[in-house]
Structure formats: C-alpha cells, structure tokens
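Novice: The chain contents come next:
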Amino acid sequence: MEGLGAEGLADSPAAAAAVAAAATPTWPTPLGRDPELHLLRRATFGPTLLDVVAVKQIGVDAWLERQLHPPGISDPAGDDVLGLYPTVSMSTDQIRANVKENDWLAMQELGHATLARQMWSARQLYEVMVDFWANHLNVTNPFDGGWDVRTPYDNDVIRAHAFGKFSDMLLASARHPAMMRYLDNASSQKRSVNENYGRELLELHTLGRDGGYTEVDVRNSAYIMTGRTVNREGQFTYDARRHWTGEVKVMEFTDPNGNAAAGMDLGDSFVHWLAFHPATATRVAHKLARRFVCDDPPQSLVDRLKQSYLDNGSAVVPMLRTLFSSVEFWMSNGLKTRRPHENVLATARIVGVTPGDNTKQGVEGIYNLTNQLGQAPLKWGPPDGYADVAEAWGSAHATLGTWNAHRAVIQARFKGVASPKPETFVGLMPATVGEYLDTISLRLLHQPMLAEHKGALLAFLGAEEATEVKTITLNNKIQHVVPLVLDSVYHALR
Amino acid sequence: MSEPTANEHRRAARPEERSERGGEQALTEPMTDMTSGRHRRQYVTRRVEQRQRERDLLELGRHGPNLPEAAIRVHADRVRAELAGEKDRWRKGFTRRRLIAGAGAVGVAALGSQLVTSRYAFAADPTNTRTLVVIFLRGGMDGLSVIVPGGDANLRRARPNIGIDVAALLPLDSRFGLHPALAPLQPFWQSGQMTAVHAVASPDASRSHFQAQECIERGTATTSMHTGWLDRTLTAMGPGTTFRAIAEGDATPRSLVGAEHKLVMDGIQSFALSGAGNVRDKTMAALEALYTGFDHPAASFAINTVKALNSARKIADARYETTADYGGGGFANRMRDVARLIKAKAGLRLATIDVGGWDMHTGLGNVDGGDMRNSLTDVGRVLGAFATDLGTQLGDVTVVTMTEFGRRVAENGNAGTDHGHGSLMMLLGGGLVGGKVHGKWPGLAPDALDNGDLAGANDYRDVMAEVLERGFGIGDVKPIFPDHEYARIGVMK
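Protein chains in written order, with this note's numbering: chain B, 1 to 494; chain R, 1 to 493.
Worth flagging that the hints you see were computed from the coordinates, not collected in a lab. Quick caveat, the model's predicted, so the values are computed rather than measured. Ideal Cβ placement from N, Cα and C applies to all residues, glycine included. Where hints are given, some of them may not hold.
One side of the interface only, derived from the structure: several residues of chain R facing chain B at Cβ under 7 Å [unchecked claim]:
(1) 223
(2) 263
(3) 304
(4) 441
In silico DSSO-like links for lysine-lysine, alpha-carbon gap of 27 Å or less [to be verified]:
(5) R:307 x B:477
(6) R:307 x B:454
(7) B:477 x R:282
(8) R:478 x B:470
(9) R:478 x R:440
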C-alpha cells in the first residue's frame, strides 16, 4: 500500500505537524492543510468555534495534553447531560430499584445521553475514544436482556478504561452481565455449550478472523468461558457447576482445566493471553489508525501503534501519543469521510446547537435522525460495531440523509435545543454576495470554497460576486444556501 | 530551546504572519534600556521592525473592520492561494481510481487508493430483471388460522373459541382451506399465481421474537454471520441501479444489514430533499455543481444521489393511476409504492416491507371478527390489489411472506395463542407451481407436535433458496444460506 507522502515518528505532535506541513501529500484533498483544524476534525466530533480559538491559542501540543487528561477539563455541559438522564449514572441495583422491570428506559436514556455528550462534552477526545471502544466491544443498545445491565456496561467497562488499558477493558467485558447476555454466554454451560461469545471473543474482540485460530479453537474458547453467567439480580456470577472441564487448547494457550473451581481464573488468564497476542495488538492498532488517519492506513503507522500497544501493556494513552506524534496522522487531511452520525454531530457543533427549553426532546429528535441514517450511537445490531470506511456509508440513502440533516439543523426544526439563526454566521453585513459567501464558508468550513463551488452558490442565488447584499438573510434564501455550504465536500470530509 | 509549536512553525513559514502577530505584540512591548551600544542596535532594529509592523497592521486593517476579522480574511486569502496551487493536484488526484460507470460493480480499493471506492454501479444486470418482494409479518403469525387444515379434529378440539368453521373456508386443495378474509387472493390461487408452504420454520429459531427474527433474517444459525440473508442475496444478484434494493419503512431490516447499498424510504415521494421548498430544482442543480469537476469518491456518491433524486422525482411526480383498490394504511401505501416502482422500471430487484401486529396472545377472534380477521382483511386487500395492479407484470415478481414462528395449536386462556414454531409462507407471482399447499405436512396429532406446536417440517431456507435459484437465476445459493443443505420443495416451476 502506498504511503501518504511522509512518515515517521516525531518528538511531539507539533513537530510531526511541522514535518507534515513541509511534505507533499500523495493524496491531496479539498480540505485545507491547517494542522489545528485537522487535529480538531479528528480528535473531536467536529470543531466548534471555541475549539478553533482554543487550539490556536495554546497550540496542538497543549490542547492534546489537556484532552488526554479528561478529569482536568471542567465539563459543565457534560455534567448537565448526566443531570438530564439520571439512569445513565446508575448501577444495575439502582436501575432495578428505579425502573420498571424490563422497561427499556435506561437503555433509551443511554443512547440519548451518549449523543448529547458527543455533542457537548468538553472532553471530546475522551468521547471519541469511548465511541471507538464501544464499537469494538459492541453490545447493542438497546438489546433484549439489557434493560438493567447495559447502562453500567457503558460506565464500568467502556468509560472506566477508555483511557486506561485495553486488557483491563477486555477483562471487564468478559465478566459483565451485559456482554454475557448479549453474546449468550450467560446461557452457555457444559451440557449445552453456546459458542457465540467464545467465537466473538476471538474474532471481534481480539485476534480477528486472520488471527490464525480454527473452529476447534472457537469451541475451546467457548469451553473456557462456560460458567460465567448472570444471576437473577442481574449481577455477574461464576457458577462452577456450569463450567466445562477437561483439557483446553486455543492455539498456543493450553490448560488441563481439571478443576471447575479454578475456571474463572482460567478464563481471566485466557483473556489476558488474548489481549497481549500480537494479532490482537495489530488489530487494535489497525482499527485505531483507521478511525484517526485513513480507511487504509499505512503499515508504518500500524506497526508503530502495535509496538506502542505491546510496549505499554495495552495502555491507550501512549498509543494516542504515538498516533498524534506520527507524521502519517498529520499528512492525512481530508482522507476520512464523515459517516452520517459524524456529519450530523459536526454540523450541530459548528453551527453551535446548544441545550434549549426542552433539551431532552431536542436530543431525542437528533438521535432519531441518526437512527434513520442508520447510525444511532450504540445501536448497531451485530457485535462487530459500525463500519469505519467511506464505502460502507456511500449509499444514496445516507448521502440524502445528511443533506436533509443540514436543512433540519439550519432551519431549526429540532425543537427543544437552541440553534443559532444562520444570519448570525455572517456577522456584520458584507457589502457583496461574494463576500457574504466567503464569510459563511470561513465560518462553517474554516476555509473558502473553490471558485467553481462558490460559483454554484452564486448561480443558486442568481447573483454575481459583486452583487450588493440587500438583506442579511439574502431575501430569506439564507436558509437554503447555508445548508448547501454544509452539503459541500469540505464538510463531508474530515 | 523549547520545541517549536505548530504555530511557531507556521510563523517561520509565513513571514507576513509573523509580523502580524509581532505587530500586535509590538504595541504593548516595553522599550528596553537604550544606554549600551548593543541595546542601541537592538533598539534600531526593533524600531525598524515596529514600523514594518505598523505598516502591516494598516495593510491588515484594510481587510476588515477589526483586527481579528481582518486576520481571518488575510488567512483566508493565504489558504485560497495555497489551495489554488493545490487545486489541480487534488482535483485530478483520484483519476487513477475513477469509478467505472456503466456495467459492472466497482471493486474495493485499487492498489494505493486511500479511500475505498464504492461498490455501487449504474447498469442493471440484463439477464434477470425480476423483483423479489419479501414481506415480514412481525410477531409470529398463526398459520393455522390463515391456511387452515379444514376438518382436522385435533384443531377443532384445541380451538373451541378461535377455530374456523370448515364451511367458512375457501377451498385451496384437498386438505386446506383459506381464511375468508383473504378472499381477494383466491382468484390468484385458482390461476396458479399464488401458493403456500405450511409447517415452515427455522430449526434454530426459539420462541423468542428477538432471537427468532435475528436467526431467520441472518439466514444461518451461526451467530457470527453479521450480514443479513437479503444483503447476501443482493451480492448474488449483481450490480444494479440506485433503486435496486428498497426497504419500505423507516429502518433497515436485519435481513438487509451489510455492505450492499440499499435505500430506506417510506414511499418514493419521501426520497427527496426536505426543507428545500420551492427552490428544490435550483438546490439540485447547485448540489450537482458542488460535486462536479473533481474526481473523488465523495463526488461519485454525491452525483449518484443527485441522479437518484432526479429519477425519484420523476417517478413521484407522475400521477400514479391504478384501478386496484389498496385501501388505506401503511401496508397499502408501501405495497402500492412497490408496484409503482416496478412499473416505473426503476430497476427495483428487491423490496422489503414489515407488517406488524401478529403477536395475538389475546382476542385472536374468529371468522366473524377480531384481530386475525382484521389483519387478514388488510393483507388480503393489499396483496390482491397489488396483484391486480401489476396485471401481466405479476409474472415478473415473486412476493413472499414470512414470519418468525407460528403459534401453539391449543388456544390459551385469553382466546388467543402463545408463541409456537411451524408457520406459513405464502408466495404470489410468476413461475409458481399452483394448486396445492407445498412441503411436508406433519399433521396435528399430539405425537406429531413440537412441544405442543405445529412442527417445523419444512425449512424456510429451502423455500427461499428455490425461489432465488429458479426465480432469480442465482446459481449458487450456498453463500446466502451457509451451513444449510438446500433441498428443493417444488414451489417453483
């Protein structure tokens, strides 16, 4: 696979950005090469005006350093979200005490709160990583059997370890009621072994399909994990009576497994072994590079991230540091296409949608929109998580959906949240239509459009570059021309 | 010396910018001691620099009403100039991976591409242009109330309240009769354009809605199969138009999950730009212009969407005339839409529709009234209208109904039925073997039942595999239903 035009590890993100700025990209794109904006497009769910000011003020190194330490970031908006959705912070016991049995309220609040945090939390890189891990260890939200356990999965497995160690996250997932129920391990036992979890543990969570395991290995993996189940109070429990005993072998991992009482520890050892298998390191590295750099990431970068994973006991933050200090990252402007959910969020964030007089209603509206587009947060059905390549989202359905989303946001059709009027993007009324469009472009796209794209908008308005602006709303055409600016390729890429 | 920040680097690269920022700082920078010669030289240098900065600021001030504003605009000019230099490069940058328009699907990323290209293409496969319409009756439809083993004493005994009198049934073959609410379909049965398979199930489906639907729509017992059977069917069908696969409704059904592109819409008129008011045409023109003139996969996705929207508009704007009476309601509207798309020759190969409400635990009713009669009345009217509407084109279509499981043979305490196993698939369209209910019929004797339910004597995959093989020219159905040995039932000629 060809490179991006420059590669290597620099001493700091800023240094890597400097090397990249001086190099010539192999895959030039319409997006400008401004490193601060590039960082924001990748490390957040879309730059807000404040983000742009902040990163230009303190520089990429300092901005990243802050983002890598979420507790140090004051996050009133994120706290407000937690206040709106009380079940999101609850344990299984608390949910069972506060929510009617089998009511999906907590799962619904989790979906909405996730979207709201992605939209408004100041801890953006953290939210991006929470999203990344939630897809990697996907447990669909909502799912049948998750009414009391899916929400704590988000807190105790994903959020607790999103900036920790993947091995810890994996171990936590391997003993969480939500995962046990979702992948049928709760009902797997020695007399009737269910291979679902044993298989996905190898195929999706760790080694990957090319990891070198066989169907016999899958079976053995399922044997090892028998006994891990959920009790009637929705709590994880290990039931030795259900544990399959006898020699087990999954690739190089073997154990006599003669004592069911030791089955839980055996499972943990197995999961630990899987977490540190080179194939797992490669897979996590590749996924991370795919999310942050490009759909088909250069091997140099994947190898470097894999090494970081192995050198640092699967710790996430060192991997991120390596990623952002890699020249490949800074060479990849515009090489990711915003998926529908990312496009909606980036739109809301650059426009400046904020909580309003009925925030929950507004968030629900936006959530339902992402669902129509096929990418509601956490809602992907199968355990493999949402696809992270442009091709998967290239359907006319998704494209039309994002164009309609732009109109819905600009025309303030989401009741309950506050959407700035598009006139506010213009500031002082420019003299000419040409300047008007330039101002809108800079405000929403952070760069001017190419002359021919601006020409398309001039044609739409029936105006010329020098035509005088009579009203700030361009005779009410602003509600149509601003969405067109967001429909353009400059907003579609990141 | 500390590491240069990106800002400092950019200052180094762009001296004008350095002096802008320097200019602002100079205004507040204190004068140093001028007593020594060294300081004098530095002072002179700083004065020269300061005058330069003041000139720069004046220059800058011309760009906007205040410094930040002006700075933005100057920055924009710089970026524009940079982009202009880059313009031709990225514009032509993807020529080597230009999408192949016309026949043939585009493969995944050509060597060296950084953006995986679309698998979607324009021309329909010319050899088979038939349309498959899959209707999923959600909730578990009680097949024994729909196509009834008339006169079966076991059934009579088990359903004192909800059983259907033999006299009320419309005759189908020697063993079965049709619920009278499906009367509109009887002519099609008689003409051989409708048939059915009874006692159909998925052997791996439990009596849980979620598990059974997931299992059937996945098309295999293997839970690691992440795509749906209809997505794999689309792959087998080959490339087509944007309208090749449509899920009528507001979400992608599990059966269609996968990489093949499909549209999700609630009627062709909903496949449109919303909020474009009376500037829709101008907006479409602008969208096309925004994505013309450069070669990038994003441009291809966008132009394809514009083309599809234009086609949809033509179809939606043409008044749809039909004598068929679908009646009202969601199912009616969606089936009418499917008929419309078929007649518009938009290249529709696969449509899916959900009909809910079949989970009749209580008050199933009887032949005179109740939930079953109401639901079947709707189904009968809509499917009958669809078949009438298509007329001779019905031969180019195969409609299949399926459900996640049937119901228990014995009615429950609420004059309804609980979750069961074997149920019914109905088929409507061309190429069917008519005149009888197909498949093995295990009967309703107590020892023939599966835990008190009609047994799953026939595998739904055998029905579908046969339809796909004989009705849609799909040579190898194994990828669609892996882990299953297909055995022909004989529903298609």
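Novice: Against this structure, judge whether each hint is valid.
Specialist: Here's how the hints hold up against the structure:
{"no.": "1", "hint": "223", "verdict": "holds, 4 Å"}
{"no.": "2", "hint": "263", "verdict": "holds, 5 Å"}
{"no.": "3", "hint": "304", "verdict": "holds, 6 Å"}
{"no.": "4", "hint": "441", "verdict": "violated, 31 Å"}
{"no.": "5", "hint": "R:307 x B:477", "verdict": "holds, 24 Å"}
{"no.": "6", "hint": "R:307 x B:454", "verdict": "holds, 22 Å"}
{"no.": "7", "hint": "B:477 x R:282", "verdict": "holds, 11 Å"}
{"no.": "8", "hint": "R:478 x B:470", "verdict": "violated, 66 Å"}
{"no.": "9", "hint": "R:478 x R:440", "verdict": "holds, 23 Å"}
Violated hints, listed in ascending order, are 4 and 8; each of the other numbered hints is respected by the structure.
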